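Listed below, chain by chain, are the residues.
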Amino acid sequence: MRPFTYSRAASVEEAASTAAATQGARFIAGGTNLLDLMKLQIETPAHLIDVNHLGLDRIEPTAEGGLRIGAMVRNTDLAADKVVRRDYAVLSRALLAGASGQLRNKATTGGNLLQRTRCPYFYDTRMPCNKRVPGSGCGALKGVSRSLAILGTSDACIAQHPSDMAVALRLLDAQVDAVGADGSRRSIPIADFHLLPGETPHIENALKPGELITSVTLPTPLGGTHVYRKVRDRTSYAFALVSVAAVFAKDGQARFAFGGIGARPWRTDAADAAAPSGAAAVAEAALTGARPTAHNAFKQQLTARTLASIYRQKGA
Amino acid sequence: MPEPLTRRGLLQGSAAAAAAIPVLGEAQAAASGRPQSQKEQARMSAVGLTVNGREVHLQLDPRTTLLDALREHLHLTGTKKGCDHGQCGACTVIVEGRRINSCLTLAVMHEGDHVTTIEGLGTPEKLHPMQRAFITHDGYQCGYCTPGQICSAVAVLAEIEAGIPSHVTEELDRVAFSESEVRERMSGNICRCAAYPNIVAAISEVAGQGTGKDKA
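As they're listed, the protein sequences go chains P and L. Numbering that gives the first Met the number 0 numbers the first residue of the first sequence as 0 and each following residue consecutively. Numbering that gives the first Met the number 0 numbers the first residue of the second sequence as 0 and each following residue consecutively.
Do not rely on the hints blindly, as some may be mistaken.
[Claimed, not checked] Covered, in the sense of this in silico footprint (three residues per stretch, anywhere, with C-beta under 8 Å from a C-beta of chain L), are these stretches of chain P:
| id | segment |
| --- | --- |
| 1 | 2 to 8 |
| 2 | 38 to 51 |
| 3 | 88 to 101 |
Honestly, the hints are just simulated from the structure, not real lab data. Small disclaimer: the values here were computed from a predicted structure and weren't measured. Here a beta-carbon is modelled for each residue, glycine too, at the ideal position from N, C-alpha and C.
Bound-form chain P, shown alone:
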């Protein structure tokens, strides 16, 4: 790791203003992704602001009948929360499908939203990567791209978004609550939080410099049957090749979000609208505009088959 200085923030406002005012500052929460990247010198912060002690570790109901999840709530605690298990089971399931027990004990809600891609070209500092070094090119376009995205990609970047949790939050229409460097507060719809790579794949989310995620807010529960199906190379402790989050209502309507295939957690209105027509129709709608490589074209069929399996299991 490159040398850095370390401080503990005393309040969320102080954390945000310090981050904006300090060259090369980064927040550190669970650290499971950031420290990994710092050891590889992919991330080289000059200063770390520890945001673990700001009282952001609570889960509480909102006045609107939803749920507010503090940004420092650990993945284990969120998945095990009684209300989440009962009313937002797809979120519990997505969290439990990710990482290992040790990592879930550390990883946070806010940090999970900000985790970087697992594209091997992002991780290999000898290779060009527009996300790691803007303008250096993309090693993945003509490289080994089996694990990478088929939707939302650009000529500058075909990295996949790695999170399971964020797929469930996208399905649930969560809001990301943040405090700015000037102390102002705002909520960002999850649909607008993660950005497509376009020409600027190094800009991954809508946060402004210094802005700190304080909580994630879920709307009122959807009811229905919750499913999170993850397909991967091992049965445990591996990133998704394809994952599908779904909530089925009694009347045949459903909503879907996808992981492993998109440059960000993937959801389309057309796929939701196709729900009553069955798995094949949902797959076709979800995969419209896919730009697969020779290595990851299989993800289209795998998505369709994963959906078919979900429909079969629920007896629809």
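Once you've looked at the hints, dock chain L against the given chain P.
Leaving out everything else, chain L in the frame of chain P:
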């Protein structure tokens, strides 16, 4: 009686010999969190921990992971460095009652925390039931991953007891011990010797669920 010859004793001997040579690689010093210069000294951070019931106070380069603090500064070398990237689980320790990868956390982030390492679970004279079960069931071959496996296993049983669900829990509200639960929950601990069936048997025995041998 002469001191018994041990691998650790031999390694310590050769490390002492190496330390007598006054050129310690900078990278090596940085990796172990030892200060190199006045500038480095100025960046040192104080941290107080309770490790295996003993209060300790350290001055550390903020880059020092909890793993390196345990091994290089407190000389608790039971906790192992495998991949150093949170992928293998060899560094698993229990902090504030929860198992974590000690390689993926900074020591300075743990001010005031209680840490339990393999040395704190039991001693050769008074083994923890999980340590004894690993011996009984031959839950290791080379043994390098074993301290992490055992710390993880102790915490896994506590997690099941606390009703924390896993990926293989069929109904999120009904958490119960099973071998498939053990396999899923232990997936963050890699064993290159593939002692997995015996590890499952050892954990099953401690959980009071028989030897597990029949299904292993």
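Verification of the hints:
1. Given as covered by chain L, the segment 2 to 8 of chain P passes the check, having 4 residues with a CB less than 8 Å from a CB of that chain where 3 are the minimum.
2. With 4 residues bearing a CB less than 8 Å from a CB of chain L, the segment 38 to 51 of chain P meets the requirement of three and the coverage assertion stands.
3. Remark: the segment 88 to 101 of chain P is confirmed as covered by chain L, as 9 of its residues place a Cβ nearer than 8 Å to a Cβ of that chain, reaching the required three.
When the structure is compared with the earlier hints, no violation turns up for any of them.
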